[in-house]
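**Student:** Top line first, the protein sequences correspond to chains A and B. Here the first sequence stands for residues 0 to 757, numbered as in numbering that gives the first Met the number 0. Here the second sequence stands for residues 0 to 757, numbered as in numbering that gives the first Met the number 0.
The hints are simulated quantities; they were obtained by calculation from the structure and are not laboratory data. Treat the hints with caution; some may be incorrect.
A pair counts as met if it fits within one copy or between any two copies, since identical chains are not told apart.
Stated by the list, open to error - Cross-link-like lysine-lysine pairs, in silico, BS3-like; alpha carbons within 27 Å at most:
(1) K160 <-> K112
(2) K117 <-> K96
(3) K688 <-> K731
(4) K291 <-> K357
(5) K39 <-> K109
(6) K698 <-> K744
Protein chains: 2
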Amino acid sequence: MSLWNIELNEYNKYDNEKYETIFTLANGYKGLRGALEFSKVGNKGNLIAGVFDKSYAQVTEIVNCQDPLGFNIYIEDELVDIDECNIHKFNRTLNMKEGVLYSEIYISTKSGKTMNIKSERLVSRNNVHRWASRYEISPGNFSGKVFIENIIDGTVTNSTKDPMSRAKHFQVVGSYDLEPGMALLTKTFDKNIQIIEATRIISEKDNGNAFKFRKYSEIGEKVVEVYETFLKKDNPITIYKYGTSYTSRDTQENLISIASKDLQLFVKEGYLKEKQDHIKVWENIWEDTDIKIVGDDLAQLGIRFNLYHLSSSAYEGDDKVSLAAKALHGEGYKGHVFWDTETFMLPYFIYTRPQVAKCLLMYRYNTLKGARKNAELTGYKGARFPWESADDGMEVTPKWGFDYDGNPVRIWTGDEEYHINSDIVFAIVEYYRATGDKDFIIKYGLEILLDTTKFWQSRVEYNKEEDRYEINCVIGPDEFHEHVNNNVFTNYLAKWSIKKTLEFAEWVKTEDESVLKTLCNKLGITEEDFHEWNEIQKKIYIPTSQNGIIIEQFQGYFNLADIPIIQHDENGMPMWPNLGEYKLGETQLVKQADVVQLMIMLSEEFSQEIIKANYEYYEARTMHKSSLSPSMYSILGLTVGDTHNAYKYFIKALYTDLRDNQGNTDFGLHAASTGGSWQSAIFGFAGLKVSKEGDLSIKPWIPEHWRCMEFNINWRDARINIRIEKENIFIKSDKHTSITVYEKKINVLANNFVKIPR
Amino acid sequence: MSLWNIELNEYNKYDNEKYETIFTLANGYKGLRGALEFSKVGNKGNLIAGVFDKSYAQVTEIVNCQDPLGFNIYIEDELVDIDECNIHKFNRTLNMKEGVLYSEIYISTKSGKTMNIKSERLVSRNNVHRWASRYEISPGNFSGKVFIENIIDGTVTNSTKDPMSRAKHFQVVGSYDLEPGMALLTKTFDKNIQIIEATRIISEKDNGNAFKFRKYSEIGEKVVEVYETFLKKDNPITIYKYGTSYTSRDTQENLISIASKDLQLFVKEGYLKEKQDHIKVWENIWEDTDIKIVGDDLAQLGIRFNLYHLSSSAYEGDDKVSLAAKALHGEGYKGHVFWDTETFMLPYFIYTRPQVAKCLLMYRYNTLKGARKNAELTGYKGARFPWESADDGMEVTPKWGFDYDGNPVRIWTGDEEYHINSDIVFAIVEYYRATGDKDFIIKYGLEILLDTTKFWQSRVEYNKEEDRYEINCVIGPDEFHEHVNNNVFTNYLAKWSIKKTLEFAEWVKTEDESVLKTLCNKLGITEEDFHEWNEIQKKIYIPTSQNGIIIEQFQGYFNLADIPIIQHDENGMPMWPNLGEYKLGETQLVKQADVVQLMIMLSEEFSQEIIKANYEYYEARTMHKSSLSPSMYSILGLTVGDTHNAYKYFIKALYTDLRDNQGNTDFGLHAASTGGSWQSAIFGFAGLKVSKEGDLSIKPWIPEHWRCMEFNINWRDARINIRIEKENIFIKSDKHTSITVYEKKINVLANNFVKIPR
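Just chain A, with the same shape it has in the complex (with noise of 0.2 Å):
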């Protein structure tokens, strides 16, 4: 087993959807669910970042585009559909160090004849508007007629699966037959974004064509091509399909003829060229990503699997777009953007990738109108972003859903879960302390801050009796609990984020003046502003514990019933408690991290002693309901100590996909439990932390069978690597920098190991 790679070795059509998100191709500009060419069971996906649509639909979406995956082989006149076939071979590998989806099948058709399919598929990091298939098949027991079909089907619908919000969300305006080749172009119905795929198949056979006849039709909303070749017994062919994408988005010029060049230049330079290209970007992702584990085959490749999906997601091309909850890996929560991205993916492109780190934030930056609007049509002053976020910043959170029990449930997120705001500030703050980036905040970081202090100013409410700010009906980061005062992650970070923009105004108006003249006139902020900022950050009411150790979640919380979590599952997961005649509000049972997110961000405000008893507290009282928790409670077990656990956890985040343990995998990516599972592992084992002065330190611990874990951070100027032995710490730099490790300061020179004994 290769430490690369994810193998699917059996066959299953009840797991395709799952291993269609799981062998997702993905460049960050556009996703392509992993097909399985030779079934019809599954739920397809092409998403291409920033196509969002509403038209039919509940809220606007992430747009699932014509596929142009498609790609028959008949043998005479009986298609090769494995869940009609035998299958005597089947393996499916992600080969995750090369960004290439390798497979192998070998079946025998219905009427007995056997055929084996070797594949590969990539979707191009080295120009992100091209993917490519190369297939080898071979007839085993039979020469005949075959006919390769080649689709770009534009039928697709998102949702296809649920009638009741189905929706289509293009039509087809343009097919073309490039003889030889094809496009199909489309264009979406609310904002008449054009898109255009283009395929071209291109057969060999001892060097030469083995193609014997073409015919192309336009069939409804596909277009398609087949071609008649005649295969021998145990002789190979080999066919090329070679595809490229563009929409209006990225460009000016006509698609059809931007895409047919492209394709044209594409086949003349040919696949290999193009896989090697694609390669050597992955290497260099890989070169500044990877984090080695030695001595943990599991953890090992668990943490890749998270990393290599998390850096497929998101690239440094477009800073309109940003990272949704499942990526481009499906389409579950409608390619919404969540605080997933700035809370917990983040941070890794912060360390490791920061030049998309800046785009992602970017996007929130573009996207200030639609949150100035957001605040203005809910009553309140500057930005208030939305809870979900699709290609303009208005708020498209659904406001219906359904419980477990399939009853209509009004979704109030959308309404209540206003600590986004500050998310998005503490991420700021962050990207700026680890690079050091001053131009963003200038240019962008300052005014999101001004606009999103803005907001708490008009949202805060003022109780003259306690003389406090209290931000009523609220929900926090656990989302059992609806309409609650004064949550204390909502409320500390509302404060922390007002006091971070009053320190960054003050420095900015240092370095320019005008800059923070311009934007205060821009945004309508005064001196009076300034000070009643001052006075909010002040006396927001942070609820205090009963006996000053345990954090009460909001106020009331204690006097929830307090229902313990007695059973647990095979992996160690808490199982449903009988509630009793209680509802799920009603109850001390917490979905996800919330006090805890909170001693995570801000662990400079807490004691050691502090946090241990809140994890403890909250720990017994969680239920793990979103994926976005294990990473987190991995990192504040590791804080205190509980390591047993944090690994426990920490696997789990590895593993949410791959063992699909919140079930919903064949809808796309978790992608906020990869950055967990980064986080964990950087923020936990490595024990990395920044100080309130700014300072870096790491503070390791390592599973007792770790030999080693190596990793490389970015962290201003400089490229660090750490590796983490059972005896020693290794530091290594390019450039001189310093760095605390286990309370001590260490200075690393330019390109010297630097060796400290744990």
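Given chain A's structure and the hints, the job is docking chain B onto it.
**Tutor:** Same frame as chain A, now just chain B:
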């Protein structure tokens, strides 16, 4: 077992296409293949008589129109898909007496929910534009939310499973929400025929509505209505699905307006009323057509199956369409009309429902323009009816096909199978003999006779040496032999039809000379032509036999390799002998009745001795590779006393589709064989014949185990009932008539039974 019911009690998805054909519901206007709503496996079909298109296809073909049948049930989010269910009970029953398809399935879904679904479906014979279904849905072990999805699917293509032939023949030009109900309007590519399908579903529970919510959407080329309902355990709901269909061939009215108005009226009148009226029409049809066979359930059920589908396939409402080789039951032979109609199916209509027979003949009259064009394009004069005919009488036989090994072969039938012209003349004469419909001859029939004779005049070649007319390079009914000279069937019928033309011309001249004059003027026929025709018919070469007894099928046939048929399959049908070095066309093996066919059609021209000898000679050499063959051998077998084989061939013909004994029932009904079955019963077992002098006679022979055979026929103005029992024959007529029984002329007074001892 009711002898009116075709039942299927076991489900096997691989039989779906076969049963789609067997369970097709048609009314002459429209055929809806018997797709099972709850399976995705199959090849659904909605064929509307006369709707032809070529566009991307090889030749003009019947259009598989948008499918209005779509009806999905979702239990919560789980689609009821029979191929994913455990099946506890499965029954589909075609009640042929009523023309209603009943079904009942009881299944458990993958998640373990049980449901019983009873349904009915009819394609109304009372109003050919209407069809409907009724569903009774009972949840077994659950109560819960259920979605009902009503779909009209415009993604339908022809030859869906064959990538090289697949073609889309229409585009969607209108999607309509009828609130409730919906309609989809399409338009064919070539001739802009517009087709509308409209449907509405109505629920009923405790005498009230059961639907709680409706959502309409347009999904690409589909329109979809989803209804939400809540089912209680063991508490069934009933859903009626109403449908109307119109095309721009039928009406000048706005299609959406007429279809939705009719739909509204249909719903108002109710399913039950339409069902009753529909059954009443079928009662009348059965009154005209049924053949009772007492003592032989196999034959009784089998003959009704054939009569049922033949009756379904044509009606008196459209004289611009005819009955295709696969009827309205499938896309096989592209919906083309062959000699099958006139030679095999028409006698049934002539003797039972002459108004339909007239319509079928009118189709030929109405396509004379195309037939004239065919003659002109191939260098001849007059009218040359196409071997394969679609909407306009132009030749639409494909030029290329594939042999048994999949190699492309030139198809010559469209170039050389000239006998179709005489087959049509033969049918006209037969129609006239049975009905005495002078008006038809004067207005339409004679023109066909004259113009086809004009074709023969230009086609025959004068052999000066032998002083005879020859017809060379032809294909006779036996298509194993191409480019043959002087095929006896072709030459004999050409001779006969020219002779009949001269007789009818003479007769019309005496009836109304101006008619003949006008026709001669229009068709360019002079007195010299009449003389030449007479010369030709006298001197057409009819190859004589070596010994004066066995007729040589064509010149040179006796010189071919005489390879004996050695083996027969379990049904007693011949198996391919080893051809050795010979190609099929180099042997005396015959595809189907050829000389034998001639001896049935023109039996009065041959002595009993010659018929017997030729029957035996060719029976030993016929492979029956056409479903047109067994019934004919059955008839001639009875004539010559080979009763054992005659019965075998009769059963073979009856069960052509029910036992799929040609292996291609998937693609549609073997319509010629249904007509052949009727002929075998009536012309064979009852021995019904019209003498040269035009007198009706019967000469029954029935198998030992038949207690009785009874049927009605139309003869001139009379309806004659004939009941053949072991000892006696009973004859009754509603008008005074005479009939020859076993060579003895019997007078039958109106409404009196005549009993004739056998």
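**Student:** At most 27 Å between C-alpha atoms: does K160 with K112 qualify within a copy, between copies, both, or neither?
**Tutor:** between (33 Å within a copy, 18 Å between copies)
**Student:** My question is about K39 and K109: at a cut-off of 27 Å on alpha-carbon distance, are they close within one copy, between copies, both, or neither?
**Tutor:** both (16 Å within a copy, 18 Å between copies)
**Student:** If the cutoff is 27 Å on CA atoms, where do K698 and K744 land: within, between, both or neither? Let me know, please.
**Tutor:** Intra 12 Å, inter 118 Å, cutoff 27 Å: intra-copy only.
**Student:** One pair to classify: K117 and K96, alpha carbons no more than 27 Å apart. Within, between, both, or neither?
**Tutor:** Answer is within: at 19 Å inside a copy they meet the 27 Å cutoff, but 55 Å across does not.
**Student:** If the cut is 27 Å between Cα atoms, do K291 and K357 qualify within a copy, between copies, both or neither?
**Tutor:** within (26 Å within a copy, 86 Å between copies)
**Student:** Between K688 and K731, at a C-alpha cutoff of 27 Å, which is it: within one copy, between copies, both, or neither?
**Tutor:** within (18 Å within a copy, 107 Å between copies)
Comparing the model with each numbered hint stated earlier shows that all of them hold.
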